[in-house]
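Trainee: Using the sequences provided together with the hints, build the complete structure.
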Amino acid sequence: MAAKLKAALREDHTKSATKEIRESGHVPSVVYGKEKESKSISVNSIELVKTVRDEGRNAIISLDVENDKPVDVMLHDYQMDPLKDELIHADFYIVDMSEEMDVEVPLNLTGDAPGAKEGGVLQQPMYELQVRAKPADIPEEITVDVSELQIGDTISVSDLPKASSYEFLEDADTTIATVVPPDTLDAEEEDTDENAEPELVDAEDNSDEEK
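Number 75 in my numbering belongs to position 14 of the sequence shown; there are no gaps in the numbering.
What the hints contain is simulated information worked out from the structure, not anything from laboratory work.
Everything numeric in this text was worked out from a predicted model, so none of it was measured.
Certain hints may be false.
[Said to hold, decoys possible] With a straight-line Cα cutoff of 20 Å, these simulated PhoX-like cross-link-like pairs (lysine-lysine) come out: (1) K130 <-> K95; (2) K97 <-> K80; (3) K100 <-> K76; (4) K130 <-> K97; (5) K145 <-> K76; (6) K100 <-> K65; (7) K80 <-> K145; (8) K111 <-> K65; (9) K145 <-> K95; (10) K130 <-> K67; (11) K195 <-> K178; (12) K195 <-> K95; (13) K100 <-> K130; (14) K195 <-> K97; (15) K111 <-> K145; (16) K111 <-> K67; (17) K145 <-> K65.
[As the list claims (entries may be wrong)] Label-pair distances were calculated between CB atoms; the ranges are: (18) P243 <-> M187: 17 to 27 Å; (19) E96 <-> D163: 11 to 21 Å; (20) K65 <-> D157: 16 to 26 Å.
Glycine is no exception: its CB is placed at the ideal position from the N, C-alpha and C atoms.
Mentor: The following block contains the structure:
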């Protein structure tokens, strides 16, 4: 069952009106979709944040716009005020529940890797995976168990269990978790330092020549 969220139509797009909406605890927003007319709306900021927190980033939301029928939407994008850490704008996309769509799903590693306890370093190159599924079949997250990873072991997209309701769009050999030997990390740092020093020397020499 989709989460419900009420929305008010927004006709005044002046800065003063937008500021007033935000000061009242609401977020100026837009709702649009394929072959659908876009509408300017506003939603309660607290209710939106609560819905996303409780239902997940890819949750299906039944958006109840005043003077219109509720529509199924997903939060497509949003903007935050970096100074106040407040939500200042949101985009909602009208979804077709019978049509597949591509979304990014959070990747969560669980368990303790034995290789990490033996001195290795557990690395997670990716924190989201692209998935194709119908809106109702989009998983809230992809969980990967790393409790058997030894030093040098790797888990790739091809190692993930196959699901009938969705498919992964990443390359099969894409690494999503690995335990790197500690000496490998040391070697990488040394290589970085060695490569950086000549560049600094050259830079100084060039500056002297220009003088």
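Trainee: Are the hints correct? Go through all of them and say.
Mentor: Status of the hints after comparison with the structure:
As the CA atoms of K130 and K95 are separated by approximately 17 Å, the hinted pair is consistent with the 20 Å bound. Distance restraint check for K97 and K80: the Cα-Cα separation of roughly 27 Å exceeds the 20 Å cut-off, and the hinted pair is therefore not satisfied. A threshold of 20 Å between alpha carbons decides the hint, and for K100 with K76 the separation of about 18 Å falls inside it, so the pair holds. Between K130 and K97, the direct Cα distance comes to roughly 14 Å. Compliance with the 20 Å bound is thereby established for this hinted pair.
Of the supplied pair hints, the one linking K145 and K76 holds, its CA atoms being roughly 18 Å apart against a limit of 20 Å. Straight-line distance between C-alpha atoms of K100 and K65 comes to about 18 Å, which keeps the hinted pair within the 20 Å bound. Between the alpha carbons of K80 and K145 the distance comes to roughly 14 Å, so the proposed pair stays at or under 20 Å and holds. Proposed proximity of K111 and K65 is supported: the alpha carbons are some 11 Å apart, at most 20 Å.
At roughly 34 Å between alpha-carbon atoms, K145 and K95 are farther apart than 20 Å, so this suggested pair is violated. Between K130 and K67 the CA atoms are separated by roughly 11 Å; this keeps the pair inside 20 Å, and the hint holds. Only pairs whose Cα atoms come within 20 Å are accepted, and K195 paired with K178 is rejected, the gap being roughly 40 Å. Proposed proximity of K195 and K95 is supported: the alpha carbons are some 15 Å apart, at most 20 Å.
For the given pair, K100 sits about 13 Å from K130 by alpha-carbon distance, which is consistent with the 20 Å threshold. For the suggested pair K195 and K97, the alpha carbons sit about 19 Å apart, so the restraint of at most 20 Å is met. Taken as a hint, the K111 and K145 pair is honoured in the structure, with Cα atoms around 18 Å apart against an allowance of 20 Å. For the hint pairing K111 with K67, the CA-to-CA distance comes to about 13 Å; that is within 20 Å, so the pair holds.
As the CA atoms of K145 and K65 are separated by approximately 27 Å, the hinted pair breaks the 20 Å bound. As the Cβ distance of P243 to M187 is approximately 22 Å, the hint placing it in 17 to 27 Å holds. Remark: the range hint 11 to 21 Å for E96 to D163 is upheld by a beta-carbon distance near 18 Å. Separation of K65 from D157 is about 19 Å and conforms to the stated range, judged on CB atoms against 16 to 26 Å.
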